[in-house]
Every structure is written in structure tokens, then in C-alpha cells.
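Protein chains: 2
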Amino acid sequence: MTREELILQIKHKASFLCIGLDTDLQKIPKHLLEFEDPVFEFNKRIIEATLPFTVAYKPNLAFYESMGLKGLMSLKKTMELIPNSVFTIADAKRGDIGNTAAMYADAFLGGENSDFNFDSITVAPYMGEDSIKPFLHNKKKWAIILGLTSNPGSGDFQQLQMVNHQKLFEVVLSKSASWGTPNDMMFVIGATRGEDIGVCRKILPDHFFLVPGVGAQGGSLTDVCSFGFNPDVGVLVNSSRGIIYASQGLDFAEAARSAAQKLQMEMKQQLAKAGLLNE
Amino acid sequence: MTREELILQIKHKASFLCIGLDTDLQKIPKHLLEFEDPVFEFNKRIIEATLPFTVAYKPNLAFYESMGLKGLMSLKKTMELIPNSVFTIADAKRGDIGNTAAMYADAFLGGENSDFNFDSITVAPYMGEDSIKPFLHNKKKWAIILGLTSNPGSGDFQQLQMVNHQKLFEVVLSKSASWGTPNDMMFVIGATRGEDIGVCRKILPDHFFLVPGVGAQGGSLTDVCSFGFNPDVGVLVNSSRGIIYASQGLDFAEAARSAAQKLQMEMKQQLAKAGLLNE
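Sequence order for the protein chains is A and B. Per numbering that gives the first Met the number 0, the first sequence runs over residues 0 to 278. Per numbering that gives the first Met the number 0, the second sequence runs over residues 0 to 278.
Isolated chain A (complex conformation) (with noise of 0.2 Å):
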């Protein structure tokens, strides 16, 4: 997916969300393990229940991964559910040698002998340009880069100052971003502190930030809002739990609808707020 097809996207369902399938078999719903693919049945209801109310998908592969070839045979029919016209993510968190990324690569965003057509993928950038590259030969793919993360082991290197006193993550930011475009590369900002959002958007005024760590983690979305947006819009903001586990009896798609149509509501009205919906 281009950047202006996102952004159409955007404008059209009113809607920076992004839901993250983050399906663990000991969350979902007990009745459900009675399928023959219980992940599978639960991400389909899931998917149809807020389909119109997002306009993204995350599954988290370590989720997958943990269940074995039989956990990654699930994502497979589960993305093959999921509309073009829906932006998808790998957040594999991948990052490796300029070969080896390629493969990767491969790997996930619709390779020759892959099992994956993703929009994108997440990438971790320790081992630098060569690592990060090869995910930016396609006009319609996207690296999204962990620049500043929400999770409380974010503050040990990413944090760090460097000797010209910017932090880690701010030289990550825009050294990384020099490697490609705001067409082709995102960046993961967590929402932990609203100001950090502005520091980034300060460095990169253009590219979309994917935003983790609104609602259960304790990110604000009017924060992430005021920090984050720009003309373009700017941001996707991912909930996973809030919105996949809203239940876990036998409502749990309704329940997951109500939350998603509910962040759908808000995000509306930042948009309007802001100016950026064509209406």
C-alpha cells in the first residue's frame, strides 16, 4: 500500500487505529477451543467484528511463532482474510546482515517462496543500514523502524546521551531516516510520554509514526494526538488487548467491535479537531 493510499484510508474511515492480533490461546475465549483452528476462528470474528473501524492489522509473529508451525499455518489463512484495502504489519522485529535482511524480506513482505504478503514490517536497527535496506526495494512496502519504544527496558540504551547530547533514539531517528523516504519507512514511537512524540515529530515532521502503549499501557491519545499528528496525519495507533480481549465470553466480538467502533469515536474527533478530515 502507498502512503497516499493509507492516507485516503485514513480520511475515509475516519480512523488512525491499528489492531493488534495478538491471539494467545490462553486469552481467547474458552468455547472457541473447541475448532479445529482456534486461533484462526478467533481472529476471523475478530477481523469481521472491527473491519470497519480500523485501518490496520498488527499480529505480533512471536504470538504465532510460540504455537509452532501450527501457530504460523493459522496467520497465514488469517491474513489471507484480511482486505487489500487494510494496511498490514509484520511486527517481527526483525534485523540482520544486508543478505540475510533480504531474506527476511522475503519472508514477509510476498517474497517468491513465502507464505506472507504484508504491507510492512517492523525492524529493530542495532546492526545499522545494511540491516535495514533491503526492506525499502518495493514502492509499496514499508520498514517500520523501532526508534523509541514504550516498554520499561526502552530507558537502558535508547535513552542513553551521546557525546553531541542527543539520545540514542534521536540519532537512530534520523540517521535511519536517512536511508530512505517517508513513502517507504514508519517509525515505532511509544506513547508513554507525549513530549517524547513531540521530540520525534520535531526531527521527522513527515513520516508515520506507529504509535504502541495507548490505553493499557497508559499512553494518552489526546497526547498522542496534540504530539504526533501532522498534515498528513502521521500516526497509527495500535491497541491490542483493549480491544481483542474487551471480552472473553461468548460476546467477545461484539465486545471487541464496541471497543474498536469506541477509538474509532475519539479518533474522529481528534481528526476533526485538527482539521484533517475533507468533509
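Fair warning: there could be bad hints in the mix.
Identical copies look the same in the list; a pair holds intra-copy or inter-copy alike.
Straight line, CA to CA, 35 Å or less: simulated DSBU-like cross-link-like pairs of lysine-lysine [stated by the list, open to error]:
(1) 138 - 29
(2) 29 - 139
(3) 138 - 26
(4) 201 - 75
(5) 138 - 174
(6) 267 - 26
(7) 140 - 75
(8) 26 - 76
(9) 132 - 29
(10) 166 - 201
(11) 43 - 10
The hints are simulated quantities; they were obtained by calculation from the structure and are not laboratory data.
Model the placement of chain B on the given structure of chain A, informed by the hints.
Chain B alone, transformed into the frame defined by chain A:
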């Protein structure tokens, strides 16, 4: 495998060789393509030919993931061939927040629903402590953390100078090491410059280093040993292409055997010179 068991194997085989099973359909001998599972056939013959000379095998997950679920099935069958006396490394370079990292640990280190039971997994440090700790819960399993890599991009962030005048990779080594012990944690330390291995050895006298970059990438075995050895040997040296693609003809397995044996004999000399063989 425990540290003691690994050291015993190294002394028993007079080898600290790790063979990278980076199997690429484009590079394996053409006659293998007639088999139902060419990747598995190739790996099987490489393992049979090289087993006497190596203490570890390290498949890079990207190579298998790029072939889809079929590739991962080939890897599963491959790993089942490797005896318990050989150390196994999932070169997966994973890194994610705490609860997700725990799922990657399940996926590769023998979780209940997993198809893989490696001794160790390579891990990226950018997300900090909670992304590393879940790999350290089992006394026979290891996290192998990216410290200083040998690719061109390693200069982009790893070599950046911090406000305290250490380089980022030095901070990564010392801080990460505080989260585990030399019994459950190793570090990837590239061999392109021997002096760098010396710097890392000074910071971490006791840890094992997994050293790529010898051979094809230009590192010298003598340098690795003189800068990297500790009283428990303390290094595993990886070779991939130089062994598994030593020949692309019908004699590929025999050529791989010769290449592995040649490296092992050089390693035996280095071990003897350093007084690290018990005989």
C-alpha cells in the same frame, strides 16, 4: 546444554567451531533439487559430514522463513538430526517487550507448543532488560546478545560514542551482562578487527563470545584466539559459506568435511598453543 558440558565438548573435539546452516536453495548443488525436501537433504549430508569437527550448529532463521512454512518444516526435521552433545543456536536475532520475548523463548527454546528446542537464541538488545530476561529462565538455555557485529552497518549505531566516552557496544556489553551470568548469556562479537575482540574481552572476561566474520568476511582465527581466549576457551567461531558451500558439485559433503576439518585442526593448534587442551 550447560557451560560445563559445552567446555567438555570443546576439549573433547579440540574444536570451538560453529557451523552456520544458512541453506539457500539458489546455492545448494543442483542434483539435490530432485529430492522432495532439498534443504533437508543438504543439511543432513552437511551434518553427517561435519559432525566430528564442530561443537555447534547455527541455522539463521531468515533462510528458512524466506521459504515459507515449508522452510521451517525443513529446519524442524534438520534440528531433530543433531545429537544433544552438540550446541544449537537459533540465529533469530529476536527482541521484543517482556511478555512477547517470553513467547519467543517458548518458540525457540522448547516451549510446550513449540516445534523447536534449541540450546540458545540470538537476541537484539535495543529494547533493553525486559526484552532479554525472559530468555534466561532455564539453566540449560542461553541468550546470545548482539554486542558488536561484523557487518558494514555496525558502525552506524554500535560504534557511536556516548557522553561517558564509552561506545554504545561497550555499554550494551556491560549493562546486558548484569542481567544474567556467564552461564546463561553469550555475546555476538564480530571478528573483522581483532583489537575489538580484545576490548570486549576486557569488559567481559568470563563470557563466551560467538564470533562471526572469520574467513569470508575477512577476520583472522589467530587474532580471534589471541584477543578472545579466556581460561575456559570462551569463543565459538562461526563459519557458514566457507564450509557448507566449499563445493557446489556432487562432492559437496566431502568438501564441507575437509573445510571443517581444516578449521578444526587450526583450532586444535591454537588451543594447544594456549595450553587449553587437557591432554
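Taking the hints in turn, this is what the structure says about them:
Taking the closest pair of Cα atoms, residue 138 and residue 29 come within 35 Å of each other only across two copies (33 Å); inside a single copy the shortest separation is 42 Å, beyond that limit. Proximity of residue 29 to residue 139 under the C-alpha cut-off of 35 Å is restricted to the inter-copy arrangement: shortest distance 34 Å between copies versus 39 Å within a copy. In this homomeric assembly, residue 138 and residue 26 come within 35 Å of each other (Cα to Cα) only across copies, at 28 Å, whereas the closest approach inside a single copy is 37 Å. Taking the shortest alpha-carbon separations for residue 201 and residue 75, neither the intra-copy value of 38 Å nor the inter-copy value of 47 Å comes in at or below 35 Å.
In this assembly of identical chains, the alpha carbons of residue 138 and residue 174 lie at most 35 Å apart only when taken from the same copy (21 Å versus 39 Å across copies). Proximity of residue 267 and residue 26 under a CA criterion of 35 Å is satisfied intra-copy only: 30 Å inside one chain copy versus 52 Å between copies. In this assembly of identical chains, residue 140 and residue 75 lie within 35 Å of each other by CA distance both inside one copy and across copies; the values are 18 Å within and 30 Å between. Proximity of residue 26 and residue 76 under a CA criterion of 35 Å is satisfied in both settings, with 20 Å inside one chain copy and 31 Å between copies.
Taking identical chains as interchangeable, the C-alpha atoms of residue 132 and residue 29 lie at most 35 Å apart only when they sit on different chains, with a minimum of 30 Å there against 43 Å within one chain. In this homomeric assembly, residue 166 and residue 201 come within 35 Å of each other (Cα to Cα) both inside a single copy, at 14 Å, and across copies, at 26 Å. Taking the closest pair of Cα atoms, residue 43 and residue 10 come within 35 Å of each other only inside a single copy of the chain (25 Å); across copies the shortest separation is 54 Å, beyond that limit.
Checked against the numbered hints listed earlier, the structure breaks hint 4 alone; every other hint is satisfied.
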